[in-house]
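K.L.:
Take the sequence shown: its position 137, counted from the start at 1, is 137 in the UniProt record's numbering, and no numbers get skipped.
The hints are simulated quantities; they were obtained by calculation from the structure and are not laboratory data. Everything hinted at is true.
Heads up, simulated PhoX-like pairs for lysine-lysine below, C-alpha to C-alpha not over 20 Å straight-line:
no.	residue 1	residue 2
1	LYS188	LYS270
2	LYS270	LYS311
3	LYS202	LYS188
4	LYS302	LYS282
5	LYS282	LYS271
6	LYS188	LYS236
7	LYS274	LYS311
8	LYS236	LYS271
9	LYS45	LYS90
10	LYS236	LYS302
11	LYS271	LYS281
12	LYS104	LYS45
13	LYS274	LYS236
14	LYS311	LYS271
15	LYS281	LYS270
Here are the in silico distance ranges between beta carbons for each label pair:
no.	residue 1	residue 2	range
16	LYS202	LYS104	40 to 46 Å
17	ALA47	ILE260	50 to 56 Å
18	ASN170	SER35	19 to 25 Å
19	ASP25	ASN57	17 to 23 Å
20	LYS202	PHE169	31 to 37 Å
21	ASP296	PRO109	38 to 44 Å
22	LEU103	THR251	27 to 33 Å
All C-beta atoms in this analysis are idealised placements derived from N, C-alpha and C, irrespective of residue type, glycine included.
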Amino acid sequence: MNQFLAAVLFLPVVFCATKREVGADVRIVKPQGMSGKGFGRVEVKHAGQWGTICDNNWDRNDAQVVCNELGFVKAIQQTRNAMYGQGTGKVWLENVQCKGNELKLTDCPHGGWGETGCSHARDAGVKCLQEGVPQILEVGCYRDVVAVGARALSDMYYNARDTGEIDWFNIRSLVTLCAEHAHARGYKYFGIQFFGECWGSKTGHLDFDIHGKGTNCYEGVGAQSHNFVYRFAPWKDLGCWHDVGSDRAMTLLENFRSSIDWFHLEVTVKKCYKAARKAGKKYFGIQFYGECWVGDGSSYQKHGYSTNCFKGVGRHWTNYVYQILW
1 MNQFLAAVLF
11 LPVVFCATKR
21 EVGADVRIVK
31 PQGMSGKGFG
41 RVEVKHAGQW
51 GTICDNNWDR
61 NDAQVVCNEL
71 GFVKAIQQTR
81 NAMYGQGTGK
91 VWLENVQCKG
101 NELKLTDCPH
111 GGWGETGCSH
121 ARDAGVKCLQ
131 EGVPQILEVG
141 CYRDVVAVGA
151 RALSDMYYNA
161 RDTGEIDWFN
171 IRSLVTLCAE
181 HAHARGYKYF
191 GIQFFGECWG
201 SKTGHLDFDI
211 HGKGTNCYEG
221 VGAQSHNFVY
231 RFAPWKDLGC
241 WHDVGSDRAM
251 TLLENFRSSI
261 DWFHLEVTVK
271 KCYKAARKAG
281 KKYFGIQFYG
291 ECWVGDGSSY
301 QKHGYSTNCF
311 KGVGRHWTNY
321 VYQILW
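Please work from the sequences and hints to get the whole structure.
P.N.:
See below:
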């Protein structure tokens, strides 16, 4: 088995408990016949009527607020140009300008209700991550052989090329899409090939490199006859949470600030995971870029969620928290 140094894919996360696709003032709607949860056209309710949002200045912060309001883990992708179909009725908003920490989309500054010249061809949408997928680690780019019985990863368990879910402007969104389906099938390793094919197997940890390293990958996705391979970390991402000096949410275990690799903050996460696991703890968090805090219950939530985190670690008075899986 080839040795590798795995890199962690970090995305800002806000955690909530209950997932739904229809809230009091916001909902996500998908085209008829499209299955799955957590993605669709964003619609808001005003004056008793549902309407859409123009994608003018629609960004990840806006999508994050929608996903958080509906109880999903985080926003994976903000979509434009009616990717999830055109709505009907009013286009209620445009120029939505969320900071990302608002509790509701309607709390965000915008250009005014009904003050837009957009058509439904510009309807905005989101894709949200559901709770439960462990953190994803990069393994690398590997060759494959297109022949029966020769595949490095034997099971093409999902094909985004067939479902039309490829966003060519954000090709890395395929990573989370393939990860969700791989996790549901119990795969610990999975690969993305030919810009949209998701491959995996129960023996992926043994077989992914049988044809050697490759170079034909782009933005974390394999091209023809190449897999960009990922594996799941032994921890699950629980997001960014406030802490208070007079009432700590977790207990300090180790301090790695003297050895922070600022270009690879995932190294600090690995160190804290190892220390927490050795101490028999269930949860660990990174605060102030290098402090390793631990706990056994949900006390990390006691001061509420935060947006003051950076690449999978907390800044001042915030813990970026993980749950140990194995």
